[in-house]
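Peer 1: Given next are the chains, with one letter for each unit.
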Amino acid sequence: MTHLFYTLTLGLYAAATATYLACLFRTSATLTIWANRLLASGCIAHILSTVHLANQQKHLPLTNMQESLSFFSLMIVAFFLFFERKYKVTTLGSFITPVALLMLIISSALHGELRDLPPVLQSNWFWFHALLAFVSYAAFAVACGVAVIYLIQRHFLKTKHLGSLFQRLPSLETLDEISYRSLSIGFPLLTVAIISGAIWSEKAVGSYWYWDPKQTWSLITWLIYAALLHGRLTVGWRGKHAAILSIIGFIVLLITFLGMKHSISW
Amino acid sequence: MNIIVVGLSHKTATVEIREKVAFSPNQIEKPLRELIALEDIVEGIIVSTCNRVEIYATTRDIAGGISRIKRFLADHHQMSLDLLEQYLYSYHSEAAIRHVFRVASSLDSMVVGEPQILGQIKTSYGYAAEYKSSGIILNRFLHKAFSVAKRVRTETKIASSAVSVAFAAVELAKKILGDLSDKTVMLIGAGEMCELAAKHFINSGARGVMVTNRTFEKAERLAEEFKGEAVPFEEFLQHLHHADIVLSSTGAPHLIIGPKDAEDVVKRRRFKPMFFIDIAVPRDIDPKVDDVENAFLFTVDDLQEIVQANLAQRNLEAEKAEEIIEMEIGQFFKWLSSLDVTPTIVALRNKFDEIRRGELEKTISNWKNLPPEAEKRLDLLTLAIMNKLLHNPTQTLKKAGQGGRIDLYVDAMRQLFDLQPDGDVDGELELEE
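Chains as they are written, first to last, in my numbering: chain V, 6 to 271; chain A, 5 to 437.
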């Protein structure tokens, strides 16, 4: 069952990605509606697959890279669908869905063996920590996508090249609003995720913080987003440099997520 | 019956000539009545806008009809026919249908894709319908033209992009600032273009207007017109941060907003983006303002370039529109030809005969032991009844074909007996508003 839903999800995400990409080159109401329908159906299949797997394993599927990537991808899709509904930003999907699809493809290529849950993960603090972390990651992924589009639109405006792509991408104001919203959702979640991670670490190995690479990089990620949000709240910081910092933040986040292995071994 | 078009437009005549030939809408009744009173002219419509004057009519005699309408135009406007004729064009049959479809779809307009022409033709048609100068053919023809125009507008992007500088500025502002309903415009100086752009911004929902001018009275007058606020010119930089859109067109010989000013203003606005439009020649706003982050400066030349690109895009879309029109011409022409007498009589006979044979067959197949002789007699009997029944209508139609308003008879006949021409035209002839 899990496998069936999983394959269905992959197929629907691939179709949705192709349709969203087509939306960059053609303005068509039908195309917009179908892109959204395909992605929403994919999202439902993805949820079913995740719930089914969780039910089978009796725990949330967040314990290895394969499961985590799939969950990350699901959260990104869910966030995008929310923003698409609210701001009618179809062409944001042209940037977000390929990322979600890629994550799911990598996830499906990874080897996931069934195994017993290591004792170190059998803590509610861990589940709390992991769940919040991925929701915040997804929010930052959307912010990063929006920042990329912002830089593209800004480039078009400054060079006065206002072609059809410029017309199809969202306005600077909309991009700024989505960016600010996703940052202000992502940042508190990341904060709580890091704190709960520290508590879990104390329960598991007896120390809240011991500067392993994963923790250090998490802190760097947090500092970048803290600076970004602080600038926004105090002096209204936005525009090119804020967009670049948002992209850097997400790159650091990916390094933390993909590159840094926890020294708490399991 | 043939459709003919006689007229002149911005493509063939100067504005002086067009003015002379124009018809005033208040006094359209008399010329419409004169038009259909002309020999061989059956129905007629007069379309008169500032860019074209055209007459659409139906006639049995193409050459005669065209020359009579030309003479009518010359007489009505007291011009010499020789002079007028060099500006006039005329079309008949398929070419006439094509011309009217193209005009209604705004493919023949000065600015291709402009939306007014369709409304103007609808108004002209309204007069013709009111004074009964249009009949079965022109009614259908015009309704068809309206639905073709609608199809062109929805299926191509011919009217979707801004083709005036003022409108391009509004579109651009929406791309930068999003919804304009909480945005404020500041007008610096008072050029005609500036006022026009300001009007466009207000029509698009902009919330507030600030006006500044070296002569404060002028600023006050404009502010009153826009229900805005006048700002003394000496202080305008102190108020600039309230503006999201700055429209500048002073006659100043030097720059009035520099990059330093823009930087300060953007900072005071907490880096909310600002849209500067410099319409003045020589320029009012330092080009370096565009280098300031979150400030976007466009000059009138930049906007002009956008307009040019949009126009080029429209011409591309116009090609798609021509294809749609070619398809529709074929369909309409089929309906028009079906209004001839002979095909109608043939269709009527075929219909009757089909019914007769069907009923005959039913009777015979249910009748056991019917002798072949009786079968033959039944056939002859029903045939005789059918011929007698059809005799009068056929004769009347043939007689109508030699004069009078045959299309009325033919159309009534086709509707009464449900005789469809090849390809159902009726289904899509609803009037779109």
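Note that these hints are calculated values from the structure, not bench results. Given the structure is predicted, the values throughout are model-derived calculations rather than measurements. Just so you know, even glycine gets a beta-carbon here, dropped at the ideal spot from N, CA and C. Don't take every hint at face value.
What the hints assert, rightly or not - Computed list of lysine-lysine pairs in DSS-like fashion (alpha-carbon distance at most 25 Å, straight line):
1. A:K324 x A:K15
2. A:K178 x V:K91
3. V:K165 x A:K15
What the hints assert, rightly or not - Far from chain A by the CB rule (all over 10 Å, computed), these chain V residues:
4. W39
5. Q62
6. L137
7. L177
8. G244
9. K245
Peer 1: Now, for every hint given, state plainly whether the structure supports it.
Peer 2: Taking the hints in turn, this is what the structure says about them:
Taken as a hint, the K324 of chain A and K15 of chain A pair is honoured in the structure, with Cα atoms around 22 Å apart against an allowance of 25 Å. Proposed proximity of K178 of chain A and K91 of chain V is supported: the alpha carbons are some 18 Å apart, at most 25 Å. The suggested pairing of K165 of chain V with K15 of chain A is violated, with an alpha-carbon distance near 33 Å, which exceeds 25 Å. Every Cβ of chain A is farther than 10 Å from the Cβ of W39 of chain V; the closest lies at roughly 19 Å, confirming the non-interface assignment.
The non-interface label for Q62 of chain V is consistent with chain A: the shortest C-beta to C-beta separation is roughly 45 Å, beyond 10 Å. The claim that L137 of chain V is not at the interface with chain A holds, since no C-beta of that chain comes within 10 Å of its own (minimum 30 Å). Look at L177 of chain V: its CB is around 5 Å from the nearest CB on chain A, not clear of 10 Å, so calling it non-interface is violated. Distance check on G244 of chain V: its Cβ comes as close as 5 Å (rounded) to a Cβ of chain A, failing to clear the 10 Å threshold; non-interface status is violated.
Not every CB of chain A is more than 10 Å from the CB of K245 of chain V (nearest about 6 Å), against its label as outside the interface.
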